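Q: Could you build all of it, start to finish, from the sequences and the hints given here?
Sequence lines, in order, name chains R and V. Just add 612 to wherever you are in the first sequence, counting from 1, and you've got our numbering. Just add 612 to wherever you are in the second sequence, counting from 1, and you've got our numbering.
Simulated from the structure, these hints should not be mistaken for laboratory data. Please read all numbers here as calculations on a predicted model, not as lab measurements.
Treat identical chains as interchangeable: a pair holds within one or across any two.
Distance condition first, Cα-Cα at most 27 Å in a straight line; then the derived DSSO-like pairs of lysine-lysine: (1) K676 <-> K700; (2) K780 <-> K754; (3) K749 <-> K635; (4) K780 <-> K676; (5) K808 <-> K842; (6) K635 <-> K842; (7) K749 <-> K700; (8) K676 <-> K754.
Number of protein chains: 2
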Amino acid sequence: MTDQAPTACILVIGNEILSGRTKDTNSGWIAERLTAMGIRLRETRVIPDDEAVIVSVLNEVRAKYTYIFTSGGIGPTHDDITAECVSKAFGVPWEVDERARAILRSNYQSDADLTPARLRMATLPRGSELIPNPISKAPGFKIGNVYVMAGVPRILQAMFEGIASSLKGGPILLSHSVVSDVAEGKIGDDLAALQKANADVDIGSYPGQRPDGTFRNAIVMRGPDRARLKEVAAAAAALIRKHGGTPTDEPPL
Amino acid sequence: MTDQAPTACILVIGNEILSGRTKDTNSGWIAERLTAMGIRLRETRVIPDDEAVIVSVLNEVRAKYTYIFTSGGIGPTHDDITAECVSKAFGVPWEVDERARAILRSNYQSDADLTPARLRMATLPRGSELIPNPISKAPGFKIGNVYVMAGVPRILQAMFEGIASSLKGGPILLSHSVVSDVAEGKIGDDLAALQKANADVDIGSYPGQRPDGTFRNAIVMRGPDRARLKEVAAAAAALIRKHGGTPTDEPPL
Chain R
613 MTDQAPTACI LVIGNEILSG RTKDTNSGWI AERLTAMGIR LRETRVIPDD EAVIVSVLNE
673 VRAKYTYIFT SGGIGPTHDD ITAECVSKAF GVPWEVDERA RAILRSNYQS DADLTPARLR
733 MATLPRGSEL IPNPISKAPG FKIGNVYVMA GVPRILQAMF EGIASSLKGG PILLSHSVVS
793 DVAEGKIGDD LAALQKANAD VDIGSYPGQR PDGTFRNAIV MRGPDRARLK EVAAAAAALI
853 RKHGGTPTDE PPL
Chain V
613 MTDQAPTACI LVIGNEILSG RTKDTNSGWI AERLTAMGIR LRETRVIPDD EAVIVSVLNE
673 VRAKYTYIFT SGGIGPTHDD ITAECVSKAF GVPWEVDERA RAILRSNYQS DADLTPARLR
733 MATLPRGSEL IPNPISKAPG FKIGNVYVMA GVPRILQAMF EGIASSLKGG PILLSHSVVS
793 DVAEGKIGDD LAALQKANAD VDIGSYPGQR PDGTFRNAIV MRGPDRARLK EVAAAAAALI
853 RKHGGTPTDE PPL
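A: Spelled out as structure tokens, the structure:
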């Protein structure tokens, strides 16, 4: 099912994610928010703190999707190279932004406290709009369709909430789940037929475990029309009963 | 710091990850295992259950990295399209594998139980090697440099452990962390100079919170030579003391 809704890509930038030292939770969090806004996340990519990679991936994805959200690499240390890379990708100077400098300055007692390292956080691609940071002041920024945010989850979330209302959403994909103990292998053929007969609804099947360790499978119907989801969900429930199962209302995990 | 170590890319395949409904934990888990084996994870990409995307991304990354690990899309339902896509990417037939069929058959009472949906899990790219699945039997597979594994974390982990000893690792990147309460902005300039003077060691700086909510920053030294890491870590600790902090031995979060 494809539609005309806005699309998005998340770039998680940082060696510490690729080494496994830090676990990325930002992409899953943004994914949920985008889904709720009717923006279709098409890709998440985790890439290293490597200038050539960041510049080329940025230019690839910003031409391809409506919105790009990046996470990480905008702090004050030498390994925070995202802003400089965004400048290079857009072919604009990387320079001190006076608005950002004023915000940072208000954090400190004197100009001397605005060390080169701290000033790095106010050095942005020319033409950027600032993204407010209510947690620790140093702003994110937006240039073109690219939204550059911090990697620390609490700060990223606050930054995202600050821009959310400016994003244009599309039709929201609703979902309706039918959970049961029936294994996928049993219902797979009937489910394929159900999908074929209902091309306007996306039907997914997700096996997993309940917190108590017991098996359960969730059939998830997705689409913009609640009435159609209900119809297809009723057919899915009937199919589970046919195979000896009992569909439940429990939320999918 | 680049080296001659083997490289890797993880492809997480599934609409349910991009919608935010399911949170990916597989990539972080594999990342840690690869780091411990001296394999450099260069990229993780989350992509949808979309044939054109899967085929083109697979062909892009398998030419670029030593190892590709995929997660998801090898179950018995219509939305499990990974194996068919891998066949298309490699230009080989997608056909029932008799070894895989025998493994599945042993799970059931009669041939009739081997429904088309279940047989889907034994339908593989021609020329694949099987990856054992000690949890739920249906195997993963390897073709070329691509390792195709299940999305359910417990099964993925079991499959990975089954292939781990066959992967060729490189020099293991060791790490040494120096944690303190000193903010990045204070030490940023000295840290940049420290990195410049020690190009054989990767120095990262990662702010975050302790479980009790207090701020801490971890300076992480990474490299293959433990003695060098210790030297640079001693310099980093001195730098923290210079800025009024106390370096601690607490593990980075």
